[in-house]
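*Asks:* Take our numbering: the last position of the sequence shown gets the number 675, and nothing is skipped along the way.
These are computed hints drawn from the structure, not numbers from a lab. Please read all numbers here as calculations on a predicted model, not as lab measurements. Just to be clear, a hint being listed does not mean it is correct.
Stated by the list, open to error - Calculated lysine-lysine pairs in the DSSO-like style (CA-CA distance at most 27 angstroms, straight line):
no., residue 1, residue 2
1, Lys-477, Lys-666
2, Lys-638, Lys-657
3, Lys-502, Lys-587
4, Lys-357, Lys-444
5, Lys-502, Lys-666
6, Lys-657, Lys-544
7, Lys-419, Lys-587
8, Lys-404, Lys-419
9, Lys-444, Lys-638
10, Lys-404, Lys-391
11, Lys-473, Lys-444
12, Lys-645, Lys-544
To be verified - Computed Cβ-Cβ distance ranges for the label pairs, DEER-style:
no., residue 1, residue 2, range
13, Pro-415, Asp-622, 57 to 63 angstroms
14, Glu-387, Asp-622, 55 to 61 angstroms
15, Glu-402, Leu-528, 43 to 49 angstroms
16, Pro-388, Gln-472, 28 to 34 angstroms
17, Ala-663, Ala-469, 36 to 42 angstroms
18, Pro-527, Asp-583, 28 to 34 angstroms
19, Glu-387, Glu-367, 21 to 27 angstroms
20, Lys-587, Asn-365, 20 to 26 angstroms
21, Glu-495, Ile-668, 26 to 32 angstroms
22, Arg-598, Pro-527, 24 to 30 angstroms
23, Arg-354, Gly-417, 26 to 32 angstroms
24, Glu-387, Asp-541, 45 to 51 angstroms
25, Glu-624, Asp-583, 37 to 43 angstroms
26, Thr-355, Gly-649, 17 to 23 angstroms
Beta carbons are placed, not taken as given, at the ideal position from N, Cα and C, and that holds for glycine.
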Amino acid sequence: MEVTRTDKAVTLRWENEEVSEGTLVFVSSSPSLEANSEPVFKVSNAAKHYTFETKDIPVYFFLQAPNGDKRVVSERILPLESVFNFRDMGGYETKHGHHVKWGKLYRSSNLVNINQADAALLQKLHIKWICDLRSSSEVQAQPTPEIQGVLNKHIPIGTAKNEKTTLPVSNDKAIYEPLMGESYRVFVQSVDGFKEIFSEILTDAKAGLPFVFHCTAGKDRTGVLAALLLTLLDVPEKTIFDDYAITNRYQDNILQEMGGIVSLFSNGNEKIDLEAFRPMAEARPEYLKIAFDEMKKQFGSVDGYLEKGIGITAEEKAIIQQQLLE
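Take these sequences, add in the hints, and give me the full structure.
*Replies:* Here it is in structure tokens:
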């Protein structure tokens, strides 16, 4: 199933085998359907889509099959005006037939240019906190504007809290591919940062859920944290890599961000062709695989990394799954 949007409407599309004849479709602006809600559509064999006219964000479709089975479907990518790659991680099916709840986990690129309308959307989504994975120098150079009622926590991944960001600058694309691989190995060493993030989800009443996490492009540090969260929820590895690859739709946006980073942190004044940074703008599966392979090398598996490296107990895993699965 897929949800697409135009300026005036949101459309849910499905294949015949995905939705049974007689399924009732409900629509809501909340991931929890009110008890007195009325269906807006009843699926027939001929129907393969339903369009709901609205400009509201977000929109959730609730499907109730004739046998009583229920499913929630929503937009993967939320159309923010000033922020790219802002995604809801809900809806993914686990190995055991459960689904990740919509409206709980969000991933994004940086929020430095967030406008008033998009800030209001974060408030509407009831996001409790922003988890900023960038380095201290990135945060200092491009701070996230304060959003009333939304806590902003800086938990760097890949660097220490006081570590400065440096970036080698060259027109030679070849230097950036191994650099990306090494970055993903470094991310794996950030066990204290990941532990702090999971602790916030579990114990901090001011943080918890829902929350949004981001780095600069919402690709690398964000991608590894997203992969760990989905692994903890028992989402299949193929689905995790598919989620990671969605960022490739935003390569040109990321290149522009890279241009800004170069101007901030490069040591020279030479003019650089942004296309040279294309390997750093791509969400290549081999990048994430490098991180996974490093976890497996050190702890036997990604699950082992979560358990032995980060220190998530079986009880804590069960609590997080209870919070995030349906």
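*Asks:* Hint by hint, say whether it matches the structure.
*Replies:* Each hint tested on the structure:
1. Lys-477 x Lys-666: With Cα atoms ~21 angstroms apart, Lys-477 and Lys-666 stay inside 27 angstroms; holds.
2. Lys-638 x Lys-657: holds (19 angstroms)
3. Lys-502 x Lys-587: The hint is violated at about 30 angstroms.
4. Lys-357 x Lys-444: violated (36 angstroms)
5. Lys-502 x Lys-666: With Cα atoms ~22 angstroms apart, Lys-502 and Lys-666 stay inside 27 angstroms; holds.
6. Lys-657 x Lys-544: holds (11 angstroms)
7. Lys-419 x Lys-587: holds (24 angstroms)
8. Lys-404 x Lys-419: Given pair Lys-404, Lys-419 holds - Cα atoms ~25 angstroms apart, limit 27 angstroms.
9. Lys-444 x Lys-638: holds (20 angstroms)
10. Lys-404 x Lys-391: Holds, at about 22 angstroms.
11. Lys-473 x Lys-444: Distance ~31 angstroms between Lys-473 and Lys-444 Cα, so the pair is violated.
12. Lys-645 x Lys-544: holds (18 angstroms)
13. Pro-415 x Asp-622: 57 to 63 angstroms: Since Pro-415 and Asp-622 have Cβ atoms about 58 angstroms apart, the given range 57 to 63 angstroms holds.
14. Glu-387 x Asp-622: 55 to 61 angstroms: At roughly 57 angstroms between Cβ atoms, Asp-622 and Glu-387 fall inside 55 to 61 angstroms, so the hint holds.
15. Glu-402 x Leu-528: 43 to 49 angstroms: Hint holds: Cβ distance 48 angstroms, inside 43 to 49 angstroms.
16. Pro-388 x Gln-472: 28 to 34 angstroms: Once the Cβ atoms are compared, 29 angstroms apart, the range 28 to 34 angstroms for Gln-472 and Pro-388 holds.
17. Ala-663 x Ala-469: 36 to 42 angstroms: holds (40 angstroms)
18. Pro-527 x Asp-583: 28 to 34 angstroms: holds (33 angstroms)
19. Glu-387 x Glu-367: 21 to 27 angstroms: Holds, since Glu-387 and Glu-367 (Cβ atoms, about 23 angstroms apart) stay within the stated range.
20. Lys-587 x Asn-365: 20 to 26 angstroms: Given range 20 to 26 angstroms: holds, Cβ gap about 23 angstroms.
21. Glu-495 x Ile-668: 26 to 32 angstroms: holds (30 angstroms)
22. Arg-598 x Pro-527: 24 to 30 angstroms: Roughly 25 angstroms apart at Cβ, these two residues keep to the hinted range, so it holds.
23. Arg-354 x Gly-417: 26 to 32 angstroms: Once the Cβ atoms are compared, 29 angstroms apart, the range 26 to 32 angstroms for Gly-417 and Arg-354 holds.
24. Glu-387 x Asp-541: 45 to 51 angstroms: holds (50 angstroms)
25. Glu-624 x Asp-583: 37 to 43 angstroms: holds (39 angstroms)
26. Thr-355 x Gly-649: 17 to 23 angstroms: With Cβ atoms ~48 angstroms apart, the hint is violated.
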